[in-house]
Each structure stands twice: as C-alpha cells, then as structure tokens.
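Let chain A serve as the given structure and place chain B on it in line with the hints.
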Amino acid sequence: MTQLHPETYREAARKAIGDPVLQKALAGLQARFGRGAAEAYRRLPEGPHLRHTAHEIRERAVAHLDVLLERLAEKIRQNGGHVFFASDATDAVEYCIKVARRHGVRRVVKGKSMVTEEIDLNEKLAAAGIDAVETDLGEYIIQLAGEKPSHIIAPAIHKTRYDIAELFVKNMGIPYTTDPPALTRAARKALREEFLAADMGISGVNMACAETGHITTVSNEGNIRMATTLPRIHMAFMGMERIVGRLDEYEILLRLLCRGAAAQTMATYVSYTAGPRRPEDSDGPEAFHLVVIDNGRSRILADPRFREILYCIRCAACLNVCPVYGKIGGHAYGFAYSGPIGAVVTPLLTGINRARHLCQGETLCGACMEACPVAIDLPRMLLALRETLAYGDAFWKTTPANPLEGLAFKVWSRLTANRRTWECFLKAAALGQRLFPKKGNRLRRLPPPFHGWTRKRDFPSLAPETFLARWRKNEIEVAKDIP
Amino acid sequence: MIPPDQKAFLGRIRQALGHAPHESRNGSHLFMQGPSREELQILERYRQRTAKDREELLEQLMEAAKPVHLCVRRLPDPEAAGAAIAALVQEKAPEPDTVKQVVAWRHGLIDGLDLHLLPEQSAVRVHRTPPLDPLMDPARRHAEREAQRRAIAKAHMGVTAADFCMADTATLVLRARPGQPRSVALLPPVHVAVITLDQILWDMKELFALLRWEARFAAQGLSRYMAFISGPSKTADIEATMVHGAHGPREVHLFVVASAPGRLQYVGQRSTFSALTK
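Protein sequence lines correspond, in order, to chains A and B. With the numbering used here, letter number 161 in the first sequence gets 161, and the count goes up by one each step, no holes. With the numbering used here, letter number 26 in the second sequence gets 509, and the count goes up by one each step, no holes.
Careful: at least some of the hints might be erroneous.
Stated by the list, open to error - DEER-style ranges, computed between Cβ atoms:
1. P487/B with V411/A: 51 to 57 Å
2. A534/B with D120/A: 55 to 61 Å
3. E697/B with Y162/A: 25 to 31 Å
4. N79/A with P518/B: 20 to 26 Å
Simulated from the structure, these hints should not be mistaken for lab results. We put the CB at the ideal spot given by N, CA and C, even for glycine.
So that you can see chain A by itself, here it is in the shape it has in the complex (with noise of 0.2 Å):
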C-alpha cells in the first residue's frame, strides 16, 4: 500500500483537487468536526486548557512506557491473556498467523486499527489463506472497492451514496438503492453474518491504562464490540506508546480523545477488555491476545526532538482542520497515517528521506497544533524534519535533500551580509528582471529553478527604485532621537 514518492505525492494531490466530490466531502468533514472539536474543547468544565494537562500525563507517560507496559503485561497475564511483543510489522504478522493456524481460524472479521493498517496485516493475512473483513462500515466499503481509508475516524469520505450503492449491488446482490438507511441496513445483514461465522476478531487499542490492565476500544458503530465479543479468539494490536499509567489520567484522555476525533462527550461504545471470559461467562472470546508493536517506535523514543510525536492518540483531529489535507485528501499521503500527523510520523516509521514530501507539502500554519487534544507541536517537528533534511542527520541516516539548496543560502547570506554586494545585486536584478515577460508589476514567469513558484501564480517585481533611494531623494532625514 505504501506509495512514497514526491511524485506520487503530486500526482495524487493534483487528481484530489481535481475531484469536486472530495473537494466537497473534505469541506464538509472539516466544517463539521474542525470547528465541532474546538468548541467542545471550550466547554471541557476544566476549559481548553486540559489538553496542555493531557501533554503532561503523555509525557509522563512515554517517559515510564517500560514501567507501564510491564504492569500492563503482568495484569494481562494474570487474567489468562496473553501479551507478544513485537519488534516489527513482520514479528507481529508471523504471530498473528501462528496464533490463527493455532487455532484453525479461518475467518477473521475487524475492527478498525490504523496500527494494522500500517503493518500490512490484511494483506499478509490473505497471503497467509486467512481472510479478513473490516467491520466499520466505511473501512467495509473502500474494502469492498479495494481501496484504502483516506481519513483515520472518516474512512469512506470520499465515496459518493451512488459509488456505495453500486459497491454494494455488485457485491452483495442487493436492489440498487442510494438511501443511506437502507445501504447500512445492507451492510449491518452482511457484516452480522461474518460477525456470527468469524473464528478470530482483530481490534486496534485506543489507550491502555496500565493500573488496572485493561486496554480500550472506542467506536460509534458498536462494531469493536462485536469482533471482540462473537468470535473465539481476540487479538488487540496497539502501538507501544498508547498506554498511560492511572485511571484518572485515562478519564481525561478519553474525554479529549472523543472531543479530538467526533466532537462527542463520548462515543456510543467505549469497550474495556482485560483478557478471555471465564468459563461460567456466557460470551466473550475464550482466549484473549495482546500484540504490542514496536515497529520504529523505540528510534522515534530515542531522539528528543521527535518523541513527542509519540503523544499522540490517533484522534484524527489535526486532519479535520488542515488546510493542506482539505484539499489533498489522504491517499496523497500514501500511508497508513495522513494530515499533520501522518506528515510527521510517516517520515519517522519509513524513513525520513523516503517520505520527506510529506513534511514539506504542509503549511506550518499551526491550525494542528490548536487542534491536537493532547497540545502536540507538530509544526515544530515538521521543522526539525525538514532540518535534519536541509544539513543531512546522522541518527536517522537523512542527507540533504539538496545540496544546492544549501549553497543556494550560503550565497545570499553573503549577499544580504554587506550593504555594497546588496545594492550591486538589486541593481543587476533589477536589470535582470527586465528580460522575464510581465504584467502590470508582476513577473509571469521565473527561470529555473525559480519556475515551480510561478507555474501557478506571478512573482512581485523589484520597483524602479528602492524605498531607500526614495527616502534620499523626498531629503527626510532619519529622526536622530529615535532609540
């Protein structure tokens, strides 16, 4: 799934601002729960700013993650569930699959998990003779269209009712019908077979809480609850740092995580799960399984500058008012993650120089920031990437993406460095400019390697003559007092 390339980037933005039905999908989406999660952020009792305590409580977190996942670990395995620590995508696939032969499972059903998304496991699982189908009825749909989610909370956003209606007709012999009731009447007959035949129900982790040995998943479609109540077996796949230590500092992440991503109170279905039933328990999966994914974490952990990322509670918030995924969409991102998250992690997971589009196609206009429930600065980071870009980085094997943009600057410090090279220059340019073709005071187009930045706008031309020699020829003088 994954595409990261700067031109499949481009490409695919292009083709997203080119679609008016995802031009207008995005503005609603944004619309609704963009400003939704601001306004539910003003009326926490304890006011907006809680998030800056749930920073705290992450950080605090992410600093102990041993400590905590070790208490996590141990609680579940007192509970009869077990708990596998995987250091990578193919450590945790290979002991999915172990435990499904194990097992004879043959049908999975899902519930929906960015982590599980980022690691490839559907795919792996086909491969593997084992099918699995997404639940949440968006990720049911692009799954029908082979396709991949475009937003974390919102997957199918950029389907139409009529696309949907035709999904469906094709795929499940239904009468053609664009009602939206009526398509999800469908989609809930289907999806309650494979719920009731499944063998293994798959789940992602909103948040663990540590203390007391429970993990959470969180949904509106009562889906999760289903795939980790029906089937024999649940596997829950988190992240390694979505755990915090207390219940009381879980309370006010779950209240930030449902304001960030729905701009609810709370969601319909918050589900905790601390391992199998018991056998006098009428339901619930028999056995009870923990996959905790490192995956390119523990680097992320080990610099600094990045760890806060790892703060981060895969809310969807900052997507729902990023200018630049407004209009690009998410399968521009060509990763599991999109928006200003994406645009910060995927880089980090995959490989800085791999992915350095992604941090260099956002805006740094901080609308993320002010979004973030848990008050991560994601343009902060998107900055330090593009250093570690500009002068090349050590630790994360980055080399500059462009040596020439680096002697590009050495020149025009010098340049800006001295009054009588400065004046020289405007002087040559402003003969210069006289060669590229205007309009009114604006040059339509720049040379090489200027030309990307007037391919869709004109560029300011110097005046005839600087403020400076104005200022000499009107003889005011420079007020001598001023300090």
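Below, chain B alone, put in the same frame as chain A:
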C-alpha cells in the same frame, strides 16, 4: 519468567530513554496508592447524596440523553417497569432477521420485573441467560453457550441491568458477570436497560473513584470486561448522513426505577455465580 520478546522489547525502550537495558525501574510513583483529595471529595459527595440530589441527577441524565437518542423513563417501582417493558415488547415489530422474542439477563432487578408473566400476556417468549456451571462437562457447556447465543442473535429485544449510568454523558456502564452476557446489549435491535435511581452517577470521575476506592464496587473493579454505552449504535460513513443501528441496537431505552425493595438494591454488584444459582 519474562519472555524473551518482552525482555528485548523493554530493553530497547529503556535504552532509548537513556537507562540501562536490563535495569527494571521502580514505577510505584506512577500509580495511585490511595484516593486523591479530589477523589475523596467525590466519594464524600456520593455518600451524602440525598433523594432530591438523585432526582436532579436524573433530570441531568434526561437532558444529556436527548442528543444521543437514549430514551429515559422514570418509573415508580419494578412492577411499573415490567409493565413498561411489556408495552414496549408489544409496540416494537421485529426486524427481518429477528423474531418477536425477548432475551433478558439473570439479574436481581430484572428478576423482580416479572417478565415471566409476559408470555401469558402476549405469547412472546422470554429467554433468560443463566450463568454456566464451570464444573460442567466442557462439551455440554459449549452446547449451552451456543444455545444462548442463538437465542440472543434471534431476539428482537434484549433486557439488561446497568451497573451505573453517568448523567453527564447519558452513558450506561455494564460490567461483565456470569449470567449477564454482553451480547444481550449488542445483538438485538432494541436494548432495554433497567437501573434504580441510586445507580445514577454524575460523571466518569465519580465512576472511577467508586470503582477504585468504594469497597463494595472496588472488589470487582472495572471487571474483566466493562462497556460504556451512550445511546444506540450509529454511523455517518455514507455521505456523513447519521444512521442509527449500524451494528448494535437501533434503539436504547433506559427505565429508571425510583424505588425498589431493599433486597434488590445493588444486587447487581454482589451477584456472583453462587448468589445467582442459590
């Protein structure tokens, strides 16, 4: 014995944090040793709650229930709640894949609703979900479990008793217990929950303070599986149109019983296997 995968994994984390990879760190300061001052206040407020306070909480709950489409009704006693459920059973037509059949938890409060009278009145079957005998032969237990599951999957209405309800967000809190399968609140298109007035709490803070420090609740804690339910299942995945009943119930009704006979109070909290199969 620490498994090798865990040892290597946590070692990498410790190293990344600047500690020796095998040094197990003391983390007791990260966890609570006793209730905080805020929690003590919350517990005190809970213990001092008067009948009037409880009615106010119910009002708050009804307000919060509106936007999430949870239907809340106050009923004077269990008999009235039983009658209200019977009326609801009559009113609700089964979905195409369900039959007019009720499945109800084995629980003190529900036992007091006289649901067994329903069949006589309306020819609607009421399935109960007794706890399974852990000493029973596994094959028989499996068969019994499957039978319960079939009944739950077919029923058009599930009746449960929540442990608590948080007024602030209109959230039902259900903890796992034998005889109280979670799928009863999940598979049938209509979910009916019954609580007593004193089970309404203010918010999540109060809930967690009780589950941690109030002895009669803290014994079970969050239990092995706890669910928060705030209204019916919903989705907005098709063109952002809100549709109820995506996977779980399309309707959720909460009946608040104002006064229940003393023996029913908190029976949910102490209902263990032995207590239920006496």
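**Study point:** C-beta pair N79/A, P518/B: status relative to the range 20 to 26 Å that was hinted
**Key:** holds (24 Å)
Practice item. Note whether the CB distance of P487/B and V411/A lies within 51 to 57 Å or breaks it. Key: holds (55 Å)
Exercise for review: Could you see if the CB distance from A534/B to D120/A stays within 55 to 61 Å?
Suggested key: With Cβ atoms ~58 Å apart, the hint holds.
**Study point:** Assessment of proposed distance window 25 to 31 Å (beta carbons of E697/B, Y162/A)
**Key:** Check failed, 54 Å falls outside 25 to 31 Å.
Checked against the numbered hints above, the structure breaks only hint 3 and satisfies the rest.
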